[in-house]
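> Can you make the complete structure from the sequences, with help from the hints?
FYI, the numbering for the sequence shown is 42 to 406, going by our numbering.
Worth double-checking, as some hints may not be accurate.
[Claimed, not checked] Computed beta-carbon distance windows for the label pairs: (1) G322 x G171: 46 to 54 angstroms; (2) S124 x N318: 38 to 46 angstroms; (3) N284 x S74: 44 to 52 angstroms.
Note that these hints are calculated values from the structure, not bench results. This one's a predicted model, so the numbers in the text were calculated from it and none came from an experiment. Beta carbons: idealized from backbone N, C-alpha and C, even for Gly.
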Amino acid sequence: MFRPILVLTLTLLLIGVLVSPGPLSAQMEAIGSEHLLLRMPADRSALGRDLAAELERSYLFMNRSTANSLPRKVVIVANWDQSSSACDRQGAFITIGMRQPGASTDPRRFLLHEAAQELARLGLLELSNGALREDTEFLFEGMEEIFVREYEHSSRVLEGAWVISKYLDEMKQLGMATQRAWTTFSSGKRCFRNAAPGITLLTTLRELQGRDAPLKLFEALKKSSLTASLAAAFKTSITEVENTWLKKVREYPVADEITASGEEAPQLLQTALVPGNAKPGTTLELQLYFKSLKGNLLPEGIFLRDQRTGRVIQPAAPADKMAGYIALKLPVDPDCPPGDYKYQVAAIDESGNLRTWTGVYKISS
Numbered sequence: 042m043f044r045p046i047l048v049l050t051l052t053l054l055l056i057g058v059l060v061s062p063g064p065l066s067a068q069m070e071a072i073g074s075e076h077l078l079l080r081m082p083a084d085r086s087a088l089g090r091d092l093a094a095e096l097e098r099s100y101l102f103m104n105r106s107t108a109n110s111l112p113r114k115v116v117i118v119a120n121w122d123q124s125s126s127a128c129d130r131q132g133a134f135i136t137i138g139m140r141q142p143g144a145s146t147d148p149r150r151f152l153l154h155e156a157a158q159e160l161a162r163l164g165l166l167e168l169s170n171g172a173l174r175e176d177t178e179f180l181f182e183g184m185e186e187i188f189v190r191e192y193e194h195s196s197r198v199l200e201g202a203w204v205i206s207k208y209l210d211e212m213k214q215l216g217m218a219t220q221r222a223w224t225t226f227s228s229g230k231r232c233f234r235n236a237a238p239g240i241t242l243l244t245t246l247r248e249l250q251g252r253d254a255p256l257k258l259f260e261a262l263k264k265s266s267l268t269a270s271l272a273a274a275f276k277t278s279i280t281e282v283e284n285t286w287l288k289k290v291r292e293y294p295v296a297d298e299i300t301a302s303g304e305e306a307p308q309l310l311q312t313a314l315v316p317g318n319a320k321p322g323t324t325l326e327l328q329l330y331f332k333s334l335k336g337n338l339l340p341e342g343i344f345l346r347d348q349r350t351g352r353v354i355q356p357a358a359p360a361d362k363m364a365g366y367i368a369l370k371l372p373v374d375p376d377c378p379p380g381d382y383k384y385q386v387a388a389i390d391e392s393g394n395l396r397t398w399t400g401v402y403k404i405s406s
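This is how it looks when you write it as structure tokens:
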């Protein structure tokens, strides 16, 4: 009967060593609730005490959402020296990396969001007996986002995932083979763009087989492969699963704007074309200067559709922070006739806010 207490004690000792070595341990404060123990620097403990009740509600929601799969007690460590968040199933603890843009602008909201996401992941890991693999990662990313948006009462912004999925489909980057190669598709980055395929596939499953169908899918991953689990969940062949999913994405009516909060949605302040008049056979660079109140608009959330060719393009490299803009490279075909051509830019931030703009570029002879 003493084993759970021993495991928790050893976990707390381990976290104390890893997070707060030496004299720093005295600077950490623990804030407890029924199911959570939050550890954070003492000089920020007021934030932790303010969030304790809300974090407990987040635990209860995620536990219900994952069929009561969360451990009885979870330790959450808020670390201002870490730039990413993660969870450890064996130790039942979560680390929240607070050295991220969103944390600096609104630490309260950021910590709540990250904690909810990691609690969802921890519950799904328990539900599936740790079935997180290269080929299943996209499902975990998608289900976490769905649960977090439901908890935050912002499910409408999940429509942004359908917009992203439509763009990815046009770029030939949507499908079972592509999503199963998670590292290649995502470059190992967790963001709304990379979660979008999982969101749309799991939403399709819910609509066809019922709200609890995704949970049965994750349970099936304990013993079966991804393809076998999906076929069983959808009650059809894996080929038909993919066809049904892609058909739903292609037929989804896309809005020009989706905003959970208008003042937080991305704003396009300025555009620049280099060169101003491009010639056939050259490359035109479109420089986009955005304003994002929460600082959560990533290059992965920017798409450009060339209305002349129908081609969809994303930034090829990370944004140049020193320059202050995001650049998209638009190749001009050698046989392109001179004239004025339209393009459309879509920006979807990490909160799911979507805005679109149209512009014109000129091709000279």
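> Which numbered hints turn out to be false for this structure?
none
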